[in-house]
Amino acid sequence: MSKTLGLPLKLQALTKRYGAVTALEPTDLEIGAGEFLTLLGPSGSGKTTLLNLVAGYTGPSGGTITIGTRDVTHVAARHRNIGMVFQSYALFPHMTVAQNLAYGLEARKLPKAEIAMRVESALALVQLEGYGGRRIQHMSGGQQQRVAVARALVIEPDVLLMDEPLGALDRQLRRQVQLELRRLHLKHGRTTIYVTHDQEEALVLSDRIAVMANGRVQQLGTSMELYARPTNSFIAGFVGESNLLEALVTEVSDGTARADIPALSCGVTAPAIAGVACRRPAQLAIRPEHLKLATGTAEGITGTISEMTHLGGFTQFGVTLPSGAVLISRQVERGDLAPGINVRLSWEPAHALIVPAENI
Amino acid sequence: MNRLPLGWRIATNVAAMAVLAFLIAPILAIIPASFNKASFIRLPPAAWSTLWYGRFINDPEWLRALWNSLQLASLATLIAVPVGTLAALGLARSRAAGRLFCSALFIAPMVVPIIVVSVAIYRSALDVSMNGTLLALSLSHAVLALPFVVISVGISLHAVNPAWSLAAAGLGAGPWRIFRTITLPHVMPGMVGGAVFSFMTSFDEAVLTIFLADYSTTTLPVKLWETVRLEFTPVLAVAAVVMTGLSVALFVLVQIVIRQTGDKA
Numbered sequence: 005m006s007k008t009l010g011l012p013l014k015l016q017a018l019t020k021r022y023g024a025v026t027a028l029e030p031t032d033l034e035i036g037a038g039e040f041l042t043l044l045g046p047s048g049s050g051k052t053t054l055l056n057l058v059a060g061y062t063g064p065s066g067g068t069i070t071i072g073t074r075d076v077t078h079v080a081a082r083h084r085n086i087g088m089v090f091q092s093y094a095l096f097p098h099m100t101v102a103q104n105l106a107y108g109l110e111a112r113k114l115p116k117a118e119i120a121m122r123v124e125s126a127l128a129l130v131q132l133e134g135y136g137g138r139r140i141q142h143m144s145g146g147q148q149q150r151v152a153v154a155r156a157l158v159i160e161p162d163v164l165l166m167d168e169p170l171g172a173l174d175r176q177l178r179r180q181v182q183l184e185l186r187r188l189h190l191k192h193g194r195t196t197i198y199v200t201h202d203q204e205e206a207l208v209l210s211d212r213i214a215v216m217a218n219g220r221v222q223q224l225g226t227s228m229e230l231y232a233r234p235t236n237s238f239i240a241g242f243v244g245e246s247n248l249l250e251a252l253v254t255e256v257s258d259g260t261a262r263a264d265i266p267a268l269s270c271g272v273t274a275p276a277i278a279g280v281a282c283r284r285p286a287q288l289a290i291r292p293e294h295l296k297l298a299t300g301t302a303e304g305i306t307g308t309i310s311e312m313t314h315l316g317g318f319t320q321f322g323v324t325l326p327s328g329a330v331l332i333s334r335q336v337e338r339g340d341l342a343p344g345i346n347v348r349l350s351w352e353p354a355h356a357l358i359v360p361a362e363n364i
Numbered sequence: 044m045n046r047l048p049l050g051w052r053i054a055t056n057v058a059a060m061a062v063l064a065f066l067i068a069p070i071l072a073i074i075p076a077s078f079n080k081a082s083f084i085r086l087p088p089a090a091w092s093t094l095w096y097g098r099f100i101n102d103p104e105w106l107r108a109l110w111n112s113l114q115l116a117s118l119a120t121l122i123a124v125p126v127g128t129l130a131a132l133g134l135a136r137s138r139a140a141g142r143l144f145c146s147a148l149f150i151a152p153m154v155v156p157i158i159v160v161s162v163a164i165y166r167s168a169l170d171v172s173m174n175g176t177l178l179a180l181s182l183s184h185a186v187l188a189l190p191f192v193v194i195s196v197g198i199s200l201h202a203v204n205p206a207w208s209l210a211a212a213g214l215g216a217g218p219w220r221i222f223r224t225i226t227l228p229h230v231m232p233g234m235v236g237g238a239v240f241s242f243m244t245s246f247d248e249a250v251l252t253i254f255l256a257d258y259s260t261t262t263l264p265v266k267l268w269e270t271v272r273l274e275f276t277p278v279l280a281v282a283a284v285v286m287t288g289l290s291v292a293l294f295v296l297v298q299i300v301i302r303q304t305g306d307k308a
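Chain order of the listed sequences is A and B. Quick note: the first sequence uses the numbering used here, first residue 5, plus one each step. Quick note: the second sequence uses the numbering used here, first residue 44, plus one each step.
Careful, some of the hints might be misleading.
To be verified - DEER-style ranges, computed between Cβ atoms:
1) A:Arg175 / B:Leu66: 54 to 62 Å
2) B:Leu227 / A:Gly48: 29 to 37 Å
3) B:Met231 / A:Val79: 31 to 39 Å
4) B:Leu66 / A:Glu124: 53 to 61 Å
Since the hints were derived computationally from the structure, they do not count as laboratory data. Small disclaimer: the values here were computed from a predicted structure and weren't measured. The beta-carbon is built from N, C-alpha and C at its ideal position, and this holds for glycine as well.
With the rest of the complex left out, here is chain A (with noise of 0.2 Å):
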């Protein structure tokens, strides 16, 4: 297969409205050529009314849809050069494999020595050469995730769009068909929007991730920025875990902020996110790998450990505080820590954040 680039894509104002109801609201978004988009959400967040406004399958409110330098807004489906992998894969089950990926070639009218040549790259692209003349229904969940691939990818699409592909699949075959992914997406290297709501995969896969909820990017970026400096409370709960306390903000300056942490019954100096300001609903966000615990010191914030789970090379406490609240730590292997022990808990100052509680 040819190492042609993908094209950039290009949202202004996309929005999508079903009678009072928002799907999508007014979304800008650009992604580079060639580029890994996730759409990371929780259902219901308007990640799939993205993709399908994307690929044609609704038409939006408003807004525009640029491929490239062409407007696609109102152009329909067939005529976008997208390649889709649907959630259920979508196979023509009355079809073998090798018909199903020489469909798009041949709604393109290529010539039949072609569409063998590349049905036979595209096949052996996701290793599954030799298959071709196999029925849909004889394939496995796997490997039929490999086909729906190819058959999106055989027509060089301009975008690829996934729409939770591996949501069919068990959590082992997952893992591996991740790394599958991303080594394909190295080699064609197509711009790519993929939709989940599987932090790990977002993570695994993806250049950038844009977190949805509520019908709207809540933030765009790396997977390390979005880890360091989440935008929101829900985002520093989705991506990743964190403890969140509700923070009453004193005193903000110069990215750092002063706040009394009711659940703590303290105050915290810590770095604040913009948007962070006095009287406004805020909160405080340690990850649980951040929150340290101590015996046989009288430093740090007093707790009871109510909670012990092992995770396998890391074990993670439930801390109860006097206030009522529990925290989540996470700690690798140690014995001097077991349920109804009092312990310390402290933190880096840096590794402390406060965000602006966004309920969701």
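For chain A, the structure is supplied; the task is to place chain B on it using the hints.
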């Protein structure tokens, strides 16, 4: 395996046989009846003969009735299958509130008493001077056959995943290509089933045809009915055997076709 005691097994088998015999014996009785030598139907025949088969084949009225029936059933099928298929497709795709109402309308000819339909069509045909024409008969038989096609194609449409059409469109296929390559292969068994039922429905229709047909468009069932009122010769049994034979042959043929396409899948 839970096996019944021997006595019970014999009893249930005998009961099942009795029911089957009750269902089929009167129909099978026409076969010996058609080989009577006498000029009235007697069972079992006192003397055997194929005399009445000769009478049937050499009587232009019977032959014309048979030809009319075959022609009419074919025309009704040719009308009902495409119309019913389109109706089923439309019903499956429509989200409108009128969908239930429309499907009720398409099924109505099966539910409304045939005599009511006959009177209504007879009266309407008078208004446009179409009584006794082959066109009027084909159209009205197609109306009776339509529900079978709508239902049978509708059932096969359940097996069509809407995502297939989306996928096909995304791959660059237009509506006609999608219909031809995705929808049609899946509704084909439904269409074949609907066609068989259409043909059968028209082929053995008598009530509506009595109202609508004239001397030149009389069908086999109507000819049977007219003849039975005048005479009770074994030629009636011959005509009945011909009808039954054709129906059974068609049914068997379709089963074979379906079996073969099923094997390929």
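Results for each hint:
Distance hint for Arg175 (chain A) and Leu66 (chain B): a CB-CB separation of about 56 Å, consistent with the stated range 54 to 62 Å. The beta-carbon spacing between Leu227 (chain B) and Gly48 (chain A), approximately 36 Å, falls within the hinted interval of 29 to 37 Å. Taking the beta carbon of each, Met231 (chain B) and Val79 (chain A) are about 32 Å apart, inside 31 to 39 Å as hinted. Distance hint check for Leu66 (chain B) and Glu124 (chain A): the Cβ-Cβ separation is about 58 Å, which falls inside the suggested range of 53 to 61 Å.
The structure is consistent with each of the numbered hints, conforming to all of them.
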